[in-house]
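Given the structure of chain A, go ahead and fit chain B onto it with the hints provided.
Protein chains: 2
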Amino acid sequence: MTFIDKLLSTQRSNNSLLCIGLDTDLERIPESLKRHDRPQFEFNRRIIEATKDLVCAYKINSAFYEAEGEAGWRALSDTVKSIPQSVISIADVKRGDIGNSSERYAEAFLHRLRFDAVTLSPYMGKDSLAPFLLSADRCAFILAVTSNPGAKDFQHLKVGRKFLYEKVVETALRWNARKNVGFVVGATQPKELKLVRKEAPSVPLLIPGVGSQGGSLEMAVRYGCDKDGFMAIINASRSILFASSGEEFADAARKEAVKLREKINTWRGKFFDHPSHR
Amino acid sequence: MTFIDKLLSTQRSNNSLLCIGLDTDLERIPESLKRHDRPQFEFNRRIIEATKDLVCAYKINSAFYEAEGEAGWRALSDTVKSIPQSVISIADVKRGDIGNSSERYAEAFLHRLRFDAVTLSPYMGKDSLAPFLLSADRCAFILAVTSNPGAKDFQHLKVGRKFLYEKVVETALRWNARKNVGFVVGATQPKELKLVRKEAPSVPLLIPGVGSQGGSLEMAVRYGCDKDGFMAIINASRSILFASSGEEFADAARKEAVKLREKINTWRGKFFDHPSHR
Numbered sequence: 001m002t003f004i005d006k007l008l009s010t011q012r013s014n015n016s017l018l019c020i021g022l023d024t025d026l027e028r029i030p031e032s033l034k035r036h037d038r039p040q041f042e043f044n045r046r047i048i049e050a051t052k053d054l055v056c057a058y059k060i061n062s063a064f065y066e067a068e069g070e071a072g073w074r075a076l077s078d079t080v081k082s083i084p085q086s087v088i089s090i091a092d093v094k095r096g097d098i099g100n101s102s103e104r105y106a107e108a109f110l111h112r113l114r115f116d117a118v119t120l121s122p123y124m125g126k127d128s129l130a131p132f133l134l135s136a137d138r139c140a141f142i143l144a145v146t147s148n149p150g151a152k153d154f155q156h157l158k159v160g161r162k163f164l165y166e167k168v169v170e171t172a173l174r175w176n177a178r179k180n181v182g183f184v185v186g187a188t189q190p191k192e193l194k195l196v197r198k199e200a201p202s203v204p205l206l207i208p209g210v211g212s213q214g215g216s217l218e219m220a221v222r223y224g225c226d227k228d229g230f231m232a233i234i235n236a237s238r239s240i241l242f243a244s245s246g247e248e249f250a251d252a253a254r255k256e257a258v259k260l261r262e263k264i265n266t267w268r269g270k271f272f273d274h275p276s277h278r
Numbered sequence: 001m002t003f004i005d006k007l008l009s010t011q012r013s014n015n016s017l018l019c020i021g022l023d024t025d026l027e028r029i030p031e032s033l034k035r036h037d038r039p040q041f042e043f044n045r046r047i048i049e050a051t052k053d054l055v056c057a058y059k060i061n062s063a064f065y066e067a068e069g070e071a072g073w074r075a076l077s078d079t080v081k082s083i084p085q086s087v088i089s090i091a092d093v094k095r096g097d098i099g100n101s102s103e104r105y106a107e108a109f110l111h112r113l114r115f116d117a118v119t120l121s122p123y124m125g126k127d128s129l130a131p132f133l134l135s136a137d138r139c140a141f142i143l144a145v146t147s148n149p150g151a152k153d154f155q156h157l158k159v160g161r162k163f164l165y166e167k168v169v170e171t172a173l174r175w176n177a178r179k180n181v182g183f184v185v186g187a188t189q190p191k192e193l194k195l196v197r198k199e200a201p202s203v204p205l206l207i208p209g210v211g212s213q214g215g216s217l218e219m220a221v222r223y224g225c226d227k228d229g230f231m232a233i234i235n236a237s238r239s240i241l242f243a244s245s246g247e248e249f250a251d252a253a254r255k256e257a258v259k260l261r262e263k264i265n266t267w268r269g270k271f272f273d274h275p276s277h278r
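Heads up: the protein sequence lines correspond to chains A and B, in order.
Oh and the first sequence: position 124 is 124 in our numbering, straight run, nothing missing.
Oh and the second sequence: position 24 is 24 in our numbering, straight run, nothing missing.
With the rest of the complex left out, here is chain A (with noise of 0.2 Å):
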């Protein structure tokens, strides 16, 4: 199946954009959990168990595991495996290298980890991105315009009559011959976010940055949907996993994440004519 049926099947069988970034900060887990063995993978698993009905994706940020040396790569791994079949995972690592090495990242990723995508930065071009794009199975999410403040340090220099982002994505669309090619977009850049989903009508389009970043996510569902509502993924991480500090941080997460896909879906029913608003 290729990444974008894989995708469109999860968002109508979940009913959900949303994505959950499992950006699992040890400091933040609950106590009990800290004891744990593998404290890092069985706060996932917890989560994971309690939204995965709730879902289309699950991201990964390699920040956290790397963190913690050896046992976190374990617990990386272990994570992506725990993940359901039928729901997209991410690798939200944001690489990018001469060909050579990006093509051990391709591996790392990909086939040992068989993540369904990755995160990668386009700075070093076409070589750098080439490795990731070879199946149409796999999506690489290119970061186009992101949530931080810094994304307006070179994001948005303008280069002729476009931004850097706009040519980012302009020139990566060249590479979309497999239809595997994804941008991430910051949802605290709703103006951008409505230009790269004109330039680019049918991609996916990875939108970090509504949780506690405090990104609008009426935008976010508006400008980052297809014209059928659907093609956006919508991140949350910390306001879910950390909803509760207490051993009821799964039940809360859950809470959360029904929140806030009903709210995803209210705006969803309000801008498409998507079947479940009907």
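Where hints are given, some of them may not hold.
Identical copies go unnamed one by one, so any copy, or any two together, can satisfy a pair.
Claimed, not checked - Quick list of in silico lysine-lysine cross-link-like pairs, DSS-like style, CA-CA up to 30 Å: (1) 167 / 34; (2) 198 / 6; (3) 191 / 162; (4) 191 / 270; (5) 126 / 167; (6) 259 / 270; (7) 227 / 255; (8) 270 / 179; (9) 126 / 259; (10) 194 / 158; (11) 263 / 227; (12) 126 / 198; (13) 198 / 167; (14) 162 / 126; (15) 152 / 227; (16) 6 / 179.
Simulated from the structure, these hints should not be mistaken for lab results.
This is chain B only, laid out in the frame that chain A set:
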């Protein structure tokens, strides 16, 4: 000791600008080592043992380790520990994420693994780099002009009258309060190297691409060094590591490293009035 002082001290004591890139591809190591229980680490240990008096730095590209999963992460961790204190260790990881996540990468590479330096991608701007710039004893090498063909896709776009990579250099220099910003400039791009050195006369430059990638060593020395013939870190990986595929690989690597250091120093003698060649 600041990063700059440590670098200068090593470049002086080993009379070397050479950096060896430990891109340890398991498919290319000698047959006998493949049966070792820690093959990547054992290969690196012997290379380091054979060359540590000839280099100013070792650079470890995480791609080759992540491709081997948990065992690879262990090899990376063991390798950095086996680099002598007096030699610079560089985590060539090209990371960069929102502040919250970049802090975790800084924790992973600068604190847990205790690398002296990292390479970073600039696309996400200031807050993605800031966590790596907190201490003068560590250096962040920011990608400016890379050695690969894809460098032309975005790095050479014109932003007003400047190229994007020049804007990256000019902007990142404003974040150099602790004198711990460096840049990556490929030896395959001598014109650009000259420009960056002019813009940043005293920062350390990490210069890959002189070995298998075919960059000019003469230009790397001439344009990469500061006015005294230091501060360029000239990296070769495959041409040294795999100088021989036989059991004598470490001796062969040493011979290659001796040769390359000598060639570099010959050019240094020609272009700079540096002590070892007076």
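Tested hints:
{"no.": "1", "hint": "167 / 34", "in the structure": "neither (45 Å within a copy, 45 Å between copies)"}
{"no.": "2", "hint": "198 / 6", "in the structure": "within (23 Å within a copy, 51 Å between copies)"}
{"no.": "3", "hint": "191 / 162", "in the structure": "both (14 Å within a copy, 26 Å between copies)"}
{"no.": "4", "hint": "191 / 270", "in the structure": "within (19 Å within a copy, 55 Å between copies)"}
{"no.": "5", "hint": "126 / 167", "in the structure": "both (13 Å within a copy, 21 Å between copies)"}
{"no.": "6", "hint": "259 / 270", "in the structure": "within (17 Å within a copy, 70 Å between copies)"}
{"no.": "7", "hint": "227 / 255", "in the structure": "within (29 Å within a copy, 62 Å between copies)"}
{"no.": "8", "hint": "270 / 179", "in the structure": "within (28 Å within a copy, 53 Å between copies)"}
{"no.": "9", "hint": "126 / 259", "in the structure": "neither (40 Å within a copy, 34 Å between copies)"}
{"no.": "10", "hint": "194 / 158", "in the structure": "both (18 Å within a copy, 25 Å between copies)"}
{"no.": "11", "hint": "263 / 227", "in the structure": "within (19 Å within a copy, 61 Å between copies)"}
{"no.": "12", "hint": "126 / 198", "in the structure": "both (23 Å within a copy, 28 Å between copies)"}
{"no.": "13", "hint": "198 / 167", "in the structure": "both (14 Å within a copy, 28 Å between copies)"}
{"no.": "14", "hint": "162 / 126", "in the structure": "both (20 Å within a copy, 22 Å between copies)"}
{"no.": "15", "hint": "152 / 227", "in the structure": "within (28 Å within a copy, 34 Å between copies)"}
{"no.": "16", "hint": "6 / 179", "in the structure": "within (13 Å within a copy, 48 Å between copies)"}
Checked against the numbered hints listed earlier, the structure breaks hints 1 and 9; every other hint is satisfied.
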